[in-house]
Amino acid sequence: MPRSSSRAERPRGERALTLGVFAAVLLLDLAWRSRLFNFDGVACAIAVELGDFKHLVHGNHLAYGALGWLFDRAWRLLGWRGRALLPLQVLDSLLGAAGAAVFASLLRRSGRSVREAALGAAALAVSQAWWLWSLEAQVYMLGALFAALAAREALAERPRGAVVGALEAGAVLGHVGHLMALPALAWLVSRRRGRAELKPLAAVLAGTLAAAYLAAGVLAVRPGTWRELSLWLLGSAALGPGRSFGWHSSAPLTAVVAWLSMTLRVFCDFVGRAGFWRAAAVVLALLPLSAAALGARRGGERARFWLLWLAGYAVLYLSWEPGTIVYRVSDLLGLWALALLGLDALAPPLAAAALAAWTAAALAFNLAFTVLPAARPNRVEEDVRWDCARVPPDAWLIADGADEVYVPFFGGRRPLELRYVPNEPLLFARLDALAARGEPVFIDGRMLDQTALRAALTRYGMTLAASEGGRDLYRVARPAGRERNE
Numbered sequence: 042m043p044r045s046s047s048r049a050e051r052p053r054g055e056r057a058l059t060l061g062v063f064a065a066v067l068l069l070d071l072a073w074r075s076r077l078f079n080f081d082g083v084a085c086a087i088a089v090e091l092g093d094f095k096h097l098v099h100g101n102h103l104a105y106g107a108l109g110w111l112f113d114r115a116w117r118l119l120g121w122r123g124r125a126l127l128p129l130q131v132l133d134s135l136l137g138a139a140g141a142a143v144f145a146s147l148l149r150r151s152g153r154s155v156r157e158a159a160l161g162a163a164a165l166a167v168s169q170a171w172w173l174w175s176l177e178a179q180v181y182m183l184g185a186l187f188a189a190l191a192a193r194e195a196l197a198e199r200p201r202g203a204v205v206g207a208l209e210a211g212a213v214l215g216h217v218g219h220l221m222a223l224p225a226l227a228w229l230v231s232r233r234r235g236r237a238e239l240k241p242l243a244a245v246l247a248g249t250l251a252a253a254y255l256a257a258g259v260l261a262v263r264p265g266t267w268r269e270l271s272l273w274l275l276g277s278a279a280l281g282p283g284r285s286f287g288w289h290s291s292a293p294l295t296a297v298v299a300w301l302s303m304t305l306r307v308f309c310d311f312v313g314r315a316g317f318w319r320a321a322a323v324v325l326a327l328l329p330l331s332a333a334a335l336g337a338r339r340g341g342e343r344a345r346f347w348l349l350w351l352a353g354y355a356v357l358y359l360s361w362e363p364g365t366i367v368y369r370v371s372d373l374l375g376l377w378a379l380a381l382l383g384l385d386a387l388a389p390p391l392a393a394a395a396l397a398a399w400t401a402a403a404l405a406f407n408l409a410f411t412v413l414p415a416a417r418p419n420r421v422e423e424d425v426r427w428d429c430a431r432v433p434p435d436a437w438l439i440a441d442g443a444d445e446v447y448v449p450f451f452g453g454r455r456p457l458e459l460r461y462v463p464n465e466p467l468l469f470a471r472l473d474a475l476a477a478r479g480e481p482v483f484i485d486g487r488m489l490d491q492t493a494l495r496a497a498l499t500r501y502g503m504t505l506a507a508s509e510g511g512r513d514l515y516r517v518a519r520p521a522g523r524e525r526n527e
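In the working numbering, the protein residues as written are 42 to 527.
Please keep in mind that the hints were generated in silico from the structure rather than gathered at the bench. A few of these clues could be false.
Unchecked claim - Label pairs and their computed distance ranges (CB to CB):
| id | residue 1 | residue 2 | range |
| --- | --- | --- | --- |
| 1 | Phe80 | Ala386 | 40 to 46 Å |
| 2 | Arg431 | Arg500 | 49 to 55 Å |
| 3 | Ala72 | Arg460 | 35 to 41 Å |
| 4 | Val298 | Ala507 | 42 to 48 Å |
| 5 | Val298 | Arg512 | 35 to 41 Å |
| 6 | Leu280 | Glu480 | 22 to 28 Å |
| 7 | Arg431 | Arg114 | 32 to 38 Å |
| 8 | Arg512 | Ala476 | 21 to 27 Å |
On a predicted model such as this, the values are computed, not experimentally measured, just so you know. Quick reminder that beta carbons are idealized off the backbone N, C-alpha and C, glycines included.
Start from the sequences and build out the full structure, keeping to the hints where you can.
Spelled out as structure tokens, the structure:
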């Protein structure tokens, strides 16, 4: 059973603990700036700078873009004149630090000592997934913070259903995937307060979500047809050619392997490591997982809650992008809570020493192999800047993946996105249309190889426009006199 603390000392101890954890984790996160610049973060920065609320209120994560816009506006009122990407990254550091602080508070309210709660929060903060995505501009840390708040309320002696519903709504507005925490939250609330308490939980949750989506739809998105409404609500599931619906799944065995691999990687990433360091990453990941398994085996109400929490998310993410790490951030809350239950099998000083040793080792490993590499210059960003400095303002650059948002954000040019011209006839037709308007098209040598377009564009017409330091830029245009119907 968790160790207890007296009621008299809990409020003061918890307040100091929470503030201390928040400050320490925020300083850790602000010590390095990530330059990974993930697709979603750059896309959000573009929308923030444009004030494009139609795209800021994404159907899958309604609140993050609007919150990011408000945070960026606050920076500008204070004199900031730079790009929106840095404020968004700092926002995620604030959210990640707040989430770690809430986890410390949750542990304290569960009867753990200040030392145990602080060490548990520190272990969470230096876990690879939580740390990295507290550095990057990305939607998921907002939902993770509210999920932690909802779990803390549900774990109270007398949880308030309406409060749990409001906090769960905040998590869902951060990312719709947090609906998968609802079974665990509802189970614990009904167990501790009775089924009657589920009515205010459901009413507040449904009412808050309905009001938020209605306001976003009426004020920002303004869909004119049922199809436009469905495309907005489907969000990432409607990004196929022609905005068709597509579930991002894998074959069952592939999905299970990817999900299990990611269960290790949320602690320490072994992918891309070799020899000793790969083994070290696996061992570092297996240690808390082993403690979590022991905690689950020891049983109890809290263990069952966290197992149901993990199972709820697994139902979704075994079938939707099981290899995407950011979706597994909230799993760390459950895994670390179970791991601390497992460590109760040890004497308190030994458990604290084990947790402190793991935290120190994981901090060193994840700093060396995740955080510092992420802080290095981004080669794709540099390539895009180099390309766009060598083409006219009305030029297009053929783009796929991150280049789709890098080209307009870092280069100020227009991307010709390959997802909308998925085959050679459509691509050639688009190139012809742009040529007819007198708008030149270019492609980076890296993109040329990445997309395997060299043979097709050689047939169409392509000449070297610039070359320097291992970088190549090509102009894509039919040779003079060649017929378009060839």
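Broken hints, numbered, in rising order? Hint 2 is the one this structure does not satisfy, whereas the remaining hints hold.
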